[in-house]
Each structure stands twice: as C-alpha cells, then as structure tokens.
Amino acid sequence: MKKKRFAITNMILALFVLTVVLPIAVMIVWTVTERWAWPDLVPQVFSLRALSEIFRRSEALAKLFASSIMISAAVAMASVVIGTMTARALVLYEFWGKRMMYFFTVLPFMVPATVFAMGVQISFIKLGLNNTVAGVVLSHLICSLPYAVRLMMDGTAAVGDRLEEQARVLGASMGQAFFRVTFPLLVPVILSSFSMAYIVSFSQYFLTLLIGGGQVRTFTIVMVPYLQGGDRNIACAYSVFFLGITLAVFALFEKIAGRWGKNTDTEFYT
Amino acid sequence: MRKKLTPYILLVPQIILTIFFLIGLITGIAQSLGVIPAFGLTEPTLFYYKEILTKPDMVRSVLYSLRIAFFSALFSTAAGVLLCAVLVMSRRTKGKMMRIVQLPIVVPHVVVALFVINICSQNGLLARVIYAFGLIGEQQEFPTLIYDAGGFGIILAYLWKEIPFIVYFVIALMANIDGKLGEAAVNLGAGRVQAFFRVTLPLCANTIYSGFLIIFVFALGAYELPFILGATTPKALPVQAYIQYTHPDLRNRPYAMALNGLIMAISLLSACVYFALMRRSQKKLAGK
Numbered sequence: 001m002k003k004k005r006f007a008i009t010n011m012i013l014a015l016f017v018l019t020v021v022l023p024i025a026v027m028i029v030w031t032v033t034e035r036w037a038w039p040d041l042v043p044q045v046f047s048l049r050a051l052s053e054i055f056r057r058s059e060a061l062a063k064l065f066a067s068s069i070m071i072s073a074a075v076a077m078a079s080v081v082i083g084t085m086t087a088r089a090l091v092l093y094e095f096w097g098k099r100m101m102y103f104f105t106v107l108p109f110m111v112p113a114t115v116f117a118m119g120v121q122i123s124f125i126k127l128g129l130n131n132t133v134a135g136v137v138l139s140h141l142i143c144s145l146p147y148a149v150r151l152m153m154d155g156t157a158a159v160g161d162r163l164e165e166q167a168r169v170l171g172a173s174m175g176q177a178f179f180r181v182t183f184p185l186l187v188p189v190i191l192s193s194f195s196m197a198y199i200v201s202f203s204q205y206f207l208t209l210l211i212g213g214g215q216v217r218t219f220t221i222v223m224v225p226y227l228q229g230g231d232r233n234i235a236c237a238y239s240v241f242f243l244g245i246t247l248a249v250f251a252l253f254e255k256i257a258g259r260w261g262k263n264t265d266t267e268f269y270t
Numbered sequence: 271m272r273k274k275l276t277p278y279i280l281l282v283p284q285i286i287l288t289i290f291f292l293i294g295l296i297t298g299i300a301q302s303l304g305v306i307p308a309f310g311l312t313e314p315t316l317f318y319y320k321e322i323l324t325k326p327d328m329v330r331s332v333l334y335s336l337r338i339a340f341f342s343a344l345f346s347t348a349a350g351v352l353l354c355a356v357l358v359m360s361r362r363t364k365g366k367m368m369r370i371v372q373l374p375i376v377v378p379h380v381v382v383a384l385f386v387i388n389i390c391s392q393n394g395l396l397a398r399v400i401y402a403f404g405l406i407g408e409q410q411e412f413p414t415l416i417y418d419a420g421g422f423g424i425i426l427a428y429l430w431k432e433i434p435f436i437v438y439f440v441i442a443l444m445a446n447i448d449g450k451l452g453e454a455a456v457n458l459g460a461g462r463v464q465a466f467f468r469v470t471l472p473l474c475a476n477t478i479y480s481g482f483l484i485i486f487v488f489a490l491g492a493y494e495l496p497f498i499l500g501a502t503t504p505k506a507l508p509v510q511a512y513i514q515y516t517h518p519d520l521r522n523r524p525y526a527m528a529l530n531g532l533i534m535a536i537s538l539l540s541a542c543v544y545f546a547l548m549r550r551s552q553k554k555l556a557g558k
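Line by line, the protein sequences are chains A and B. Numbering follows our numbering, with no gaps: position 86 of the first sequence is 86. Numbering follows our numbering, with no gaps: position 128 of the second sequence is 398.
Chain A extracted, bound-state conformation:
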C-alpha cells in the first residue's frame, strides 16, 4: 500500500519534471539544428549557423543586450526602491487614506497591461515619452511595482520596526537606523522583489511594442518576428542566450541571499 503510493507520487513528479525540462532541451537542440525533417526524432544535420549568426552581428546583439537587460534592471531597481518606500508607509504607519492607497497599489494586478497600455499611450505621446526608453521603463515600472510592493510588505511586516526604534533610542538618525539596521535584514526580500520585477519587465511584449513603438527593441520584440517568420533556429538561439544570462544572474542572487541569511542572526524577528 505504502509502496504503491510512493510509486504514484514519483510518477507524477517525474512527469512534471519531464514536461518542464523537455521543451527547454528541445530548444537547446534547435539552436544547433540545420535540418530536422519529418518524421525523425533527432535532427539530421547539425550546424552552428544560428549561433554564429547572432554572434556575428555582435553589435546588434550588444545593443539588444543593453536595451533589454538594462531596461529590466532599471525597472527592477526602481521597483525595489519605490516598493520598499510604499511598503514601509503601508505597514509601519497609520494615516488617512491608507486602505485606498493599498487598493491602488494592487489595482494593476486586476487590470491587464493591454488595457492600461492602449489607454495611456495618448498621454505618453503628449508627454513625449512615446518611443523612448524612458517611456518604456516608466510603463514597465507601473506593471512590475505591485509585485515588489506585495513582497516588500511581507518582508517589512516580518522585520517590523522595533529594532529600528532601538537604534533611534540609542541615538541613530532615521536614515542610519534604516540603512544600518533594517536594510541588512531586508536583503533577501529585496533580492526576490528585484528578481520578480525583473521577470515581469523582461517578459513584457505588448507594452514595449506600443510604448516603445518599435524604436525600443527588447528581447521579446526581436523574438516575435523570428517566431512568426519561421526562422526558429534564430529564435531559439536568442532565447537560450537571454534565458542563460537571466538564470545565471538569479543563481548569483540566491548565493548572495543564502550567504546573507547565514551571517545575520534571524532570532531577532522570529
């Protein structure tokens, strides 16, 4: 009885791992595939054409790298800073309009980005933000921020302000108390907020298309024509390259957060 149940759970888990990993593996195979005719299960001809093509145009790749990764990193950075501020206000203070403010911070969860994008474009045009990197960053920020705020609110609530009060009593200024006491405790949450905001920005297609107007070329904007035009090798090569970078950065974050978790004593706020 017990053994049988283990067999079933293991089968479910194996199936899950397979469905997650298989498409990624197939994508990696596609980057070095030249010919893969029906009905073979493995490609007939391999080549490095797609890879050499994206790396040969290294200037275009560098530009794409810069605009894509820099935009998302800027959005994530701003989300973390603003998210931390908003979370502090909403968690640690009582003030008039608090509930309404909370409602507005999570409203972007309930209204799709497409609806917002088509409504706001005219205002962006009037402000001269359309077709600019700044406009794209701003519009992404509006969609990424709610995720950062949610995570930072949980983090801020867990850390609380008792230690900060202690520091204040002992003579630290407000800024000192935050940066020397609370900030180090928040680092793990800050890293996960950053990652989440980065992912949301990095995945945007429609907002970038509309607000960037084809002038701001991010990874998704460059990808879609290859997908539709059928040059799948190039689409796969780009995807592998950019996903690789993203995963490497996140792995680094996790290392930092892990090390941080060991160094700081957590017993204070549990």
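It cannot be assumed that every hint is accurate.
Dumping the calculated BS3-like pairs for lysine-lysine here, alpha-carbon to alpha-carbon at most 30 angstroms [stated by the list, open to error]: (1) A:4 / B:366; (2) B:450 / B:554; (3) A:255 / A:63; (4) B:364 / B:450; (5) B:554 / A:98; (6) B:450 / B:553; (7) B:274 / A:98; (8) A:63 / A:126; (9) B:366 / A:255; (10) B:366 / B:450; (11) A:255 / B:364; (12) A:98 / B:273; (13) B:553 / A:98; (14) A:4 / B:450; (15) A:4 / B:364.
Here are the in silico distance ranges between beta carbons for each label pair [claimed, not checked]: (16) A:256 / B:551: 36 to 42 angstroms; (17) A:171 / B:463: 53 to 59 angstroms; (18) A:40 / B:472: 47 to 53 angstroms.
Just a few of them, taken from the derived set where beta-carbon distance is under 8 angstroms, the chain B residues facing chain A [claimed, not checked]: (19) 280; (20) 281; (21) 287; (22) 376; (23) 379; (24) 384; (25) 398; (26) 487; (27) 490; (28) 533; (29) 537.
Read the hints as simulated data drawn from the structure, not as lab findings. Yeah, the Cβ is synthetic: ideal placement off N, Cα and C, and Gly gets one too.
Based on the hints, put chain B in the right spot on chain A.
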C-alpha cells in the same frame, strides 16, 4: 508633525505612478463611451458597448477569450494544487524540486509560445513520437493543436507556465499548515490523505482562489500568446482590441476601448466575486 507626514513622503513616487495608471484607465473608459474631444466627440454613449456585444465576430471573440482564460485558470489551479499536495506529502518542498518549479516562472510567454510550436505543431516532437509508435500514419493526421479555433495551444502554453506558478504561490503556506495542523490531525487519528483534505486544503482555499483569479485575469487580458498561437478567427479580445486600436480609421478607436472596457469589467467582476468568497470563508473560520 513630521511623523504624520512621513508616510505621505514615502508614498510620493507610488502616488505619481498610480496617477499615470489611473490616467490610462480613465482615458480608456472615456473613449469607450465615445468621448474623444480631439475628434469632436463629446456626448457619452453606450453605442460601442452595444455594438461589440451584438456583432457576431465580436461576441465570438468574447467567448473565445473567456474560454481560454477560464480553462487555463481552472486546469492550472487544479493541477498545481495536486502537484503541490504531492510535493508536500512527500516532503519535497525545498531543494532541487523547487528549482524545477521556479524555472517556468522565469521564462517569458513569448518563449513558451516557441516551446509549444516546437513540441505541439504538426511538425513538432509530439507528432513525431506518436508517429514513431505507429499511432498515426501521416503528419496530417496529427490534430492541429496550434492556430486552432479552440485555443488549445494557447491553453497548453498557459498550463506550462501557470501550473508551476500555482505551486510556487501555494506551497509555502501549504507546507506550513500541513506541518502543524495536519500533523496534529494525524496525531488525533486522521489518515494522511484525510488530514490533507479535511484540514490543510480548506485552510489554503483563499490562497488557491487568488491564484485562480490572477491567472484568469492575466489570461483574459494578455496579448502575446493568442497573437502568436491563436487562430485567424475567432480572435482573442486583446488581439481584436489592438486591431481596432491601430485601425487607420480613427473612428474605430472607441471599439478598441469598449473591448478593453469589457476585459476590465470582467476582471473587476471576478475580483469582486473573489473578495466575496474570501469574506465568506473568513466568517466561516471565525464562526467556528
């Protein structure tokens, strides 16, 4: 005095961004009611809403989008919760398994569309495997799973991305409850499975509902997957809205905004249902 002002100072950037967001929404709603002063239209009217709810191709778009959003959310939530239960009961809520769970969350929808094309098209790996087993004799016999009128490929793409999302969203809470109250129920004589269904699952219900809601609203309003993997007709609501939006005749813009208004109305309505459900279950817990 300074202490009183602090929260407002902290909220300044948030408020500026919220204003941008609200400008977008209000402009959209005004235009959907036919109010575009730049074109000399100032009388509000419900004409465009009536129009989109009666034109056959628009109605089909609405149904198509609702179908995709509902089934994506339903299947993702059900499979996600099941998987979560398996992970919790086999005590694999940390380490390697969670790495695998996090992977799809990082992958953009555009890349997921690429996966579906690679695997599920008539030329894809799945068709080849089925052929190799001799279940189909020809490439054309494999059912068209993408660019189909049923939105099957789109739903599959959402499942790949959102099942892990549900696991990620629910697992910490579920592991915590199962480890404390579930364990207590087992000590009091309940079976593992019984403890899970009678204790752990009901206590996770709120989080599960909100996971469902997030996926439903997202799938209803998202553009890229139906744009890349969808059929020529019917078109999903956001795709239809964008076509109207970029129509050379600017008088079509209110149609785009009315479609957006509809997406927004359905999203907010589902959010209200969610809050009502949540309040009820909270009352039930408090009443006991």
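C-beta pair residue 171 of chain A, residue 463 of chain B: status relative to the range 53 to 59 angstroms that was hinted: Once the Cβ atoms are compared, 58 angstroms apart, the range 53 to 59 angstroms for residue 463 of chain B and residue 171 of chain A holds.
Straight-line alpha-carbon gap residue 366 of chain B to residue 450 of chain B, limit 30 angstroms: With Cα atoms ~24 angstroms apart, residue 366 of chain B and residue 450 of chain B stay inside 30 angstroms; holds.
Hint consistency between residue 364 of chain B and residue 450 of chain B [alpha-carbon to alpha-carbon, up to 30 angstroms]: holds, 17 angstroms
30 angstroms Cα cutoff - pair residue 554 of chain B, residue 98 of chain A: Holds. Residue 554 of chain B to residue 98 of chain A sits at ~27 angstroms (cutoff 30 angstroms).
Given hint residue 273 of chain B paired with residue 98 of chain A - CA-CA distance at most 30 angstroms: Holds. Residue 98 of chain A to residue 273 of chain B sits at ~15 angstroms (cutoff 30 angstroms).
Residue 40 of chain A versus residue 472 of chain B beta-carbon gap, inside 47 to 53 angstroms or not: Holds, since residue 40 of chain A and residue 472 of chain B (Cβ atoms, about 51 angstroms apart) stay within the stated range.
30 angstroms Cα cutoff - pair residue 450 of chain B, residue 554 of chain B: holds, 21 angstroms
Restraint check, 8 angstroms cut-off on beta carbons, for residue 287 of chain B near chain A: It holds, given that the least Cβ distance between residue 287 of chain B and chain A is near 5 angstroms, below 8 angstroms.
Pairwise hint evaluation, residue 364 of chain B against residue 4 of chain A, where the allowed Cα distance is 30 angstroms at most: holds, 24 angstroms
Hint validity - residue 379 of chain B Cβ closer than 8 angstroms to any chain A Cβ: holds, 6 angstroms
Restraint satisfaction for residue 537 of chain B [CB to CB of chain A, less than 8 angstroms]: holds, 5 angstroms
Hinted pair residue 450 of chain B and residue 553 of chain B, Cα distance within 30 angstroms: holds, 22 angstroms
Of the numbered hints stated above, none is contradicted by the structure.
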